[in-house]
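Protein chains in written order, with UniProt numbering: chain A, 1 to 76; chain B, 1 to 76.
One or more hints might be untrue.
[As the list claims (entries may be wrong)] For the chain B half of the interface with chain A, some residues (derived, Cβ under 8 Å), not all of them:
(1) Leu-9
(2) Val-13
(3) Leu-25
(4) Leu-28
(5) Gly-32
(6) Val-33
(7) Ser-34
(8) Gly-35
(9) Gln-38
(10) Lys-40
(11) Leu-46
(12) Ala-47
(13) Thr-56
(14) Met-58
[Unchecked claim] Okay, derived cross-link-like pairs now, BS3-like style, lysine-lysine, Cα gap no bigger than 27 Å in a straight line:
(15) Lys-2(B) / Lys-2(A)
(16) Lys-10(B) / Lys-40(B)
(17) Lys-10(B) / Lys-40(A)
(18) Lys-2(B) / Lys-40(A)
(19) Lys-61(A) / Lys-2(A)
(20) Lys-40(A) / Lys-10(A)
(21) Lys-40(B) / Lys-2(B)
(22) Lys-2(A) / Lys-40(A)
(23) Lys-61(A) / Lys-61(B)
(24) Lys-61(B) / Lys-2(B)
(25) Lys-10(B) / Lys-2(A)
(26) Lys-40(A) / Lys-40(B)
(27) Lys-61(B) / Lys-40(A)
(28) Lys-2(A) / Lys-40(B)
(29) Lys-40(A) / Lys-61(A)
(30) Lys-61(B) / Lys-40(B)
(31) Lys-40(B) / Lys-61(A)
(32) Lys-61(B) / Lys-10(B)
(33) Lys-10(A) / Lys-61(A)
(34) Lys-2(B) / Lys-10(A)
[Said to hold, decoys possible] For each label pair, taking beta carbons as the anchor points, the in silico distance ranges come out as:
(35) Gly-26(B) / Glu-74(A): 39 to 47 Å
(36) Thr-54(B) / Lys-2(A): 39 to 47 Å
(37) Gly-32(A) / His-23(B): 41 to 49 Å
(38) Ala-20(B) / Leu-28(A): 29 to 37 Å
(39) Thr-54(A) / Asn-65(B): 19 to 27 Å
Calculated from the structure, these hints are not laboratory results. Beta carbons: idealized from backbone N, C-alpha and C, even for Gly.
Protein chains: 2
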Amino acid sequence: MKVRVHVMLKAGVLDPQGEAVRHALGALGFEGVSGVRQGKVIELDLADGTPDSTITEMCEKLLANTVIESYRFETV
Amino acid sequence: MKVRVHVMLKAGVLDPQGEAVRHALGALGFEGVSGVRQGKVIELDLADGTPDSTITEMCEKLLANTVIESYRFETV
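Generate coordinates for the entire structure from the input sequences, incorporating the hints supplied.
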């Protein structure tokens with residue numbers, strides 16, 4: 001089974017990477033870009049039947065830093 | 001409008017970051033992880049009515065390196 005995990009910085013946490021992208025889009029002439037946030041997406045190939053609780057554990061232990069990042073996952 | 005852009009390394013392009021995650025999950029005792037690919041997700045706040053062609057241009061010019069990365073975007 002294939003699982004896609006999205007990891008984003010929590011609201012309120014400074015995102016310099018996103019800020020750099022916003023600035024660069026402006027410099028390239030794109031207007032109306034009022035905000036950019038950059039995160040990670042991790043695609044996992046897991047054994048069929050891996051329970052959600054195991055995936056949550058993977059996220060909490062390794063994939064996301066839950067102090068500053070939020071995550072969500074979906075089976076694809 | 002809010003647009004979410006997903007940027008992933010193309011199939012066949014070595015993904016050392018994903019490989020490191022796969023290795024770390026194994027070291028943490030998670031079994032059955034047969035593959036990991038890591039990519040980026042970029043959330044853009046754009047002016048309402050921004051056409052898809054403009055978003056495609058942003059992706060091609062800045063957000064993705066189309067030689068080694070593929071992208072897709074969705075309005076959320």
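Do the hints match the structure? See the list:
The restraint placing Leu-9(B) at the interface with chain A is violated, with a minimum CB-CB distance near 10 Å, outside the 8 Å limit. Hint on Val-13(B) is violated. Least Cβ distance to chain A is approximately 14 Å, over the 8 Å limit. Evaluation of the Leu-25(B) hint against chain A yields a held restraint, the C-beta minimum of about 6 Å falling below 8 Å. Evaluation of the Leu-28(B) hint against chain A yields a held restraint, the C-beta minimum of about 6 Å falling below 8 Å.
Hint on Gly-32(B) holds. Least Cβ distance to chain A is approximately 3 Å, under the 8 Å limit. For Val-33(B), the suggested interface contact is upheld, since its CB lies about 6 Å from the closest CB of chain A, less than 8 Å. With a cut of 8 Å, the hint placing Ser-34(B) at the interface with chain A holds, because the nearest CB-to-CB distance is about 4 Å. Restraint check, Gly-35(B) versus chain A: the minimum CB separation of about 4 Å is within 8 Å; hint holds.
The interface hint given for Gln-38(B) holds, since its Cβ lies 5 Å from the closest Cβ of chain A, which is under the 8 Å cut-off. Evaluation of the Lys-40(B) hint against chain A yields a held restraint, the C-beta minimum of about 6 Å falling below 8 Å. Look at Leu-46(B): its Cβ gets to within about 6 Å of chain A, closer than 8 Å, so that hint holds up. For Ala-47(B), the shortest C-beta to C-beta distance to chain A is roughly 3 Å, which falls under 8 Å, so the interface hint holds.
For Thr-56(B), the interface hint is violated, since its Cβ never comes within 8 Å of a Cβ in chain A; the closest pair sits about 12 Å apart. Taken as an interface hint, Met-58(B) checks out: its beta carbon lies about 6 Å from the nearest beta carbon of chain A, inside 8 Å. For the proposed pair Lys-2(B) and Lys-2(A), the alpha carbon gap of about 26 Å is at most 27 Å, so the pair holds. About 13 Å separates the Cα atoms of Lys-10(B) and Lys-40(B), which keeps this hinted pair within 27 Å; it holds.
For the hint pairing Lys-10(B) with Lys-40(A), the CA-to-CA distance comes to about 16 Å; that is within 27 Å, so the pair holds. With a C-alpha separation of about 17 Å, the suggested pair Lys-2(B) and Lys-40(A) falls inside the 27 Å cut-off, and the hint holds. For the hint pairing Lys-61(A) with Lys-2(A), the CA-to-CA distance comes to about 19 Å; that is within 27 Å, so the pair holds. Our distance criterion of 27 Å between C-alpha atoms is met by Lys-40(A) and Lys-10(A), whose separation comes to about 13 Å.
Straight-line distance between C-alpha atoms of Lys-40(B) and Lys-2(B) comes to about 16 Å, which keeps the hinted pair within the 27 Å bound. Note on Lys-2(A) and Lys-40(A): the hinted pairing holds, with a Cα-Cα distance of about 16 Å set against a maximum of 27 Å. Restraint check: the Cα-Cα separation between Lys-61(A) and Lys-61(B) comes to about 36 Å, which exceeds 27 Å; the hinted pair is violated. Taking the CA atoms of Lys-61(B) and Lys-2(B), the gap is about 19 Å. The hint holds against a cut of 27 Å.
The hinted pair formed by Lys-10(B) and Lys-2(A) meets the criterion: a straight-line CA distance of about 17 Å does not exceed 27 Å. Annotation: proposed proximity of Lys-40(A) to Lys-40(B) holds, straight-line Cα distance about 5 Å (limit 27 Å). The straight-line distance between the Cα atoms of Lys-61(B) and Lys-40(A) is roughly 20 Å, inside the 27 Å bound, and the hint therefore holds. Only pairs whose Cα atoms come within 27 Å are accepted, and Lys-2(A) paired with Lys-40(B) is accepted, the gap being roughly 17 Å.
Using a Cα cut-off of 27 Å, the hinted pair Lys-40(A) and Lys-61(A) holds, with the two alpha carbons roughly 16 Å apart. Of the supplied pair hints, the one linking Lys-61(B) and Lys-40(B) holds, its CA atoms being roughly 16 Å apart against a limit of 27 Å. Note on Lys-40(B) and Lys-61(A): the hinted pairing holds, with a Cα-Cα distance of about 20 Å set against a maximum of 27 Å. In summary, the hint linking Lys-61(B) to Lys-10(B) is supported, as the alpha carbons are separated by about 17 Å, within the 27 Å threshold.
As the CA atoms of Lys-10(A) and Lys-61(A) are separated by approximately 17 Å, the hinted pair is consistent with the 27 Å bound. For the suggested pair Lys-2(B) and Lys-10(A), the alpha carbons sit about 17 Å apart, so the restraint of at most 27 Å is met. For the pair Gly-26(B) and Glu-74(A), the supplied restraint of 39 to 47 Å is violated, since their beta-carbon distance comes to about 23 Å. Checked against the hint of 39 to 47 Å, the pair Thr-54(B) and Lys-2(A) fails, with Cβ atoms roughly 31 Å apart.
A hinted range of 41 to 49 Å for the beta carbons of Gly-32(A) and His-23(B) is consistent with their spacing of about 42 Å. At roughly 32 Å, the beta-carbon separation of Ala-20(B) and Leu-28(A) lies within the given 29 to 37 Å, and the hint holds. Look at Thr-54(A) against Asn-65(B): about 33 Å separates their beta carbons, and that is not inside 19 to 27 Å.
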